[in-house]
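Build out the structure end to end from the sequences listed, making use of the hints.
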Amino acid sequence: MSELNPTAVIATGGKQYRVKVGQKLQVEKLVGEPGNKIVFSKEAVLLVSEGEKIQVGAPFLDKATVEAKIVQHGRGDKVTIIKMRRRKTYRRKQGHRQSFTEIEITNIQAA
Numbered sequence: 032m033s034e035l036n037p038t039a040v041i042a043t044g045g046k047q048y049r050v051k052v053g054q055k056l057q058v059e060k061l062v063g064e065p066g067n068k069i070v071f072s073k074e075a076v077l078l079v080s081e082g083e084k085i086q087v088g089a090p091f092l093d094k095a096t097v098e099a100k101i102v103q104h105g106r107g108d109k110v111t112i113i114k115m116r117r118r119k120t121y122r123r124k125q126g127h128r129q130s131f132t133e134i135e136i137t138n139i140q141a142a
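In our numbering, the protein residues as written are 32 to 142.
Treat the hints loosely; a few may be bogus.
Claimed, not checked - Here are the simulated EDC-like pairs of lysine to aspartate or glutamate, each with C-alpha atoms no more than 16 angstroms apart in a straight line:
| id | residue 1 | residue 2 |
| --- | --- | --- |
| 1 | Lys68 | Glu135 |
| 2 | Lys100 | Glu135 |
| 3 | Lys68 | Glu133 |
| 4 | Lys55 | Glu135 |
For the record, the hints were derived by calculation from the structure and aren't laboratory data. Note that the coordinates shown come from a computational prediction; the quantities given were computed from them, not determined experimentally.
Right, dumping it as C-alpha cells:
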C-alpha cells in the first residue's frame with residue numbers, strides 16, 4: 032500500500048461500490064462472523080487507482096485484491112409495500128427488511 036491513498040471499485044451483491052482504506056459501508060449480506068476477514072479478488076475488483084495510475088479491468092482485474100473486515104450484521108429499515116385497486120375491494124399490505132453486512136476496508140492491493 033502506498034501513501035497515495037488508493038481507491039477501488041468493487042462489485043458485491045449485484046451493486047458496485049467505490050471504496051477507500053478505512054471506509055465503512057453496508058453491503059448485501061455476506062457469510063462470516065464479525066471480526067473475520069473477507070478478500071474481494073478476481074471477479075469482484077473492477078478498478079484500482081493510486082494517484083494518477085489507474086488500472087481498469089475488462090471487466091475485472093485478476094491480480095488486484097481488496098481486503099475488508101466484517102464489523103457487524105444487521106437489518107435495514109422496514110419498507111412497506113401497499114397494493115390497491117380502487118373500487119375492486121382489493122388491498123394488500125406487505126413489509127420487508129433487507130439484511131446487510133457492514134464491512135470496513137483494510138487494504139487495497141493493485142495488480
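Hint numbers not upheld by this structure, sorted from lowest to highest: Per hint list: zero violations.
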